[in-house]
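Heads up: the protein sequence lines correspond to chains A and B, in order.
End of the first sequence = 457 in UniProt numbering, gap-free, step of one.
End of the second sequence = 457 in UniProt numbering, gap-free, step of one.
One or more hints might be untrue.
Same chains, same names: a pair is fine if it fits in one copy or spans any two.
[Claimed, not checked] Quick list of in silico lysine-lysine cross-link-like pairs, DSBU-like style, CA-CA up to 35 Å:
(1) 16 / 193
(2) 16 / 435
(3) 44 / 193
(4) 69 / 21
(5) 44 / 335
(6) 193 / 21
Bear in mind the hints are in silico, worked out from the structure with no lab data behind them.
All values derive from a computational prediction rather than experimental measurement.
2 protein chains.
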Amino acid sequence: MSARVLIVDDLFPNLKLLETKLSLEYFDVVSAMNGLDAIAICEKGLCDIVLLDAMMPGMDGFEVCRRLKTTPTTAHLPVVMVTALDQPSDRLRGLDAGADDFLTKPIDDTALLARVRSLVRLKAMTDELRNRALASRDLGFGDPLAAAAAETGLNASLLIADDRRASAGRMAAALGQSHCVEVVCDPHQALEKATEGSYDVALVSLDFEGFDGLRLCSQLRSLDRTRTMPVVMLADAGDRARIMRGLDLGVHDYLVRPIDRNELVARIRTQVRRKRFAHALRESVQASMELAVTDGLTGLHNRRYFDSHLAGLFREAVLRGRPIALLLLDIDRFKTINDGFGHDAGDEVLRQFADRIRAHTRGIDIVARFGGEEIVVVVPDAGLDGAQQVAERIRERIEAAPFTIHGGTRTIDVTVSVGVAVRHPDDAGPADLLKRADVALYQAKQEGRNRVVAAAA
Amino acid sequence: MSARVLIVDDLFPNLKLLETKLSLEYFDVVSAMNGLDAIAICEKGLCDIVLLDAMMPGMDGFEVCRRLKTTPTTAHLPVVMVTALDQPSDRLRGLDAGADDFLTKPIDDTALLARVRSLVRLKAMTDELRNRALASRDLGFGDPLAAAAAETGLNASLLIADDRRASAGRMAAALGQSHCVEVVCDPHQALEKATEGSYDVALVSLDFEGFDGLRLCSQLRSLDRTRTMPVVMLADAGDRARIMRGLDLGVHDYLVRPIDRNELVARIRTQVRRKRFAHALRESVQASMELAVTDGLTGLHNRRYFDSHLAGLFREAVLRGRPIALLLLDIDRFKTINDGFGHDAGDEVLRQFADRIRAHTRGIDIVARFGGEEIVVVVPDAGLDGAQQVAERIRERIEAAPFTIHGGTRTIDVTVSVGVAVRHPDDAGPADLLKRADVALYQAKQEGRNRVVAAAA
């Protein structure tokens, strides 16, 4: 996968060396010789991944990494820290700063390319999602990136799949301080648990007795239920070929045995953050779309949602020869509430009206604000008797207890009139059904309000 | 990248052979021995890619492919046809059926894995997008998948980057019958054109004189402006290593010289379809999100959009010490229009009211339906004089010509009252500004309507 790689190093020969290696592999290379330039390039969106020298005069690599990872516009960029010595303390500082991975000088070409490719590929998967979330922010929906950058990466649910019990126990103890951890020794059982549960990250041993751990990794990465969950491999240092293979399969990260406790904690935290970032983006796009079919005042579905779904339900009822009922509910003398107590009181009444209707309908019924003080309920599979019962129950619940207004300081009595209609074989479409419910509602009003009138079937 | 591969073959030994090869590479394998089973598996969403034997009794592979590619729920699945002989006629039939690629028996392992990996990776990039689009469909937004499956793949804009003029000319002639084609001989110029234009597909030679075509491919795949555009390599048959390399870089497809005219046309059409599919998904998610901030009746922004953006513009004005103005416009005696001519007439008036206001404001102004018959306009950078002028112009344009109702069969005169306010240094927030505009509007009504009143600055 091609990508734009930013190399940050204060020494020109180091820059050139990396640039040559990456360029030969057809990566587009951008370079910076200090931290501030690097941050500027990242903020302009001119790179997909950062190779960052840890030791630089002025702002060092750790600080650059920390800034990138805590800035909403750059937090999603993978950062690989390049250190002179493979010092656990340096790795830890880097991980604390949010680095995604490490390379030790002199840089091994295979390791370099494997990590860059793996991180670029993982990033590409969430790029589309991030672009949609950015568009939603531009429309005024709040900033999912800010929330994601502030994510702590703690209190996650983790699955460890490892049959080396002592090692698994130590990991569970270390991770258990900030997360909820489950250990499974059998790889088949691990797969089952992972598909049934909802873990944030899975840690998978590559050294099961008699089972190839890479297969479990690969299954977790390809099954629908688990493909958004990061997977971290646990491997022996000598097992490098399989580690590279795993990265190629889409595994997110790895830890080499004997596992350093601090590195374990830091790497898992990074993966939890990454998973939650993608999740937040998905939720944000979803929430924006849902708002488009939600009535702001009552939280019910709006007319747009109702129109599109009534058509579908009606068609389905016709196809299956099933009944379908529609209730049109209108608050009696709503204008006198608005005029007498103010628009805010009218809004309070409407919200409570919606809540009571919601409480007496089922999940499969569609309840939507039809407009003004009218709410419509679609009851699939209901005939006239059933629909009338639903309507009568709602009418009673509205009349039974007064509504509160002025922030709960006052109460008023409210009643509702309901028009009920069911699908008729001659109906050309949902508009006919709606029309009959409307006529029935009108009749209910004419006959003195606070009553249910059913249209002749 | 791991994935679930569906192998379809009526002969058990063939199935087993492919299954073993793919399983060794850690792919999850599902199999089917006839077309109907294969289609059922695809429709259930149980695979990511299909390896499809062309020759099967009953429904043959071409027909299975055609059905998968014309069904909205399965059209996005990459299909690789497996044929016994490398017959151009078979390839063409497959391409016509919508196949994404071909393998000839006996299957070469390198080619098999390169194609499967490449197609799986490309699919993974649009999966997130597709999931969002599916969610939007479930909310009732219409079906982007149906439109995408019906896409013809014609009338595209294509860029050919090739310095073999004769060959480029022949391709341009063949493709020119259904598309708009541009030929560029210089690879640097090609990159420039691609980033500046908006091509649906680029065809890139790997054999430029003195330039590595893979570099151009890689750049096109990584630059922001071009990364959603499919790239097809033009290569010599002997250049297999670089073809595989290109697929690894994310290039979508390739053609081997001498280029078969029919295959060229068919493969480009497939790429155009793929590009438009992703584009349709993106647009659909975007449109769903935009609906959430759009007023259904007038097409203006709604209150939700206004509230979130006024806050931002106000903050910005404070930060930069710039003025900002707000106009609140209310149709005079709107109730008499509704009561006298019906709600439909009221809606017609509201729509025309919105249109006239839109026509006399700028793109950077925010025009939103504030509620009922009120529209609000935010004018960034405007002081009291400027804002009053805008308001006065709108008032005149409303009064100047009558509005049409009852479908254009009748006209009525409409006037508007406008309250204008500008930001004051003491304002704690946008609510203060809004409050003053509201008071000014009230005053305009009191003073006889059809007038502009500006709040004291």
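Here is how each hint holds up against the structure:
Taking CA atoms no more than 35 Å apart as the test, residue 16 paired with residue 193 passes between copies only; the shortest distance there is 29 Å, against 48 Å inside one copy. With identical chains, the CA atoms of residue 16 and residue 435 are never at most 35 Å apart, being 75 Å at best within one copy and 61 Å at best between copies. Proximity of residue 44 to residue 193 under the C-alpha cut-off of 35 Å is restricted to the inter-copy arrangement: shortest distance 22 Å between copies versus 42 Å within a copy. Within a single copy, residue 69 and residue 21 get their C-alpha atoms as close as 26 Å, which meets the 35 Å cut-off; across copies the closest is 41 Å, which misses it.
Taking identical chains as interchangeable, the C-alpha atoms of residue 44 and residue 335 are never at most 35 Å apart, the minima being 54 Å within one chain and 52 Å between chains. Taking the shortest Cα distances, residue 193 and residue 21 sit within 35 Å of each other only across copies (28 Å), while inside one copy they are farther apart (42 Å).
In terms of the numbered hints stated before, the structure departs from hints 2 and 5, listed from lowest to highest.
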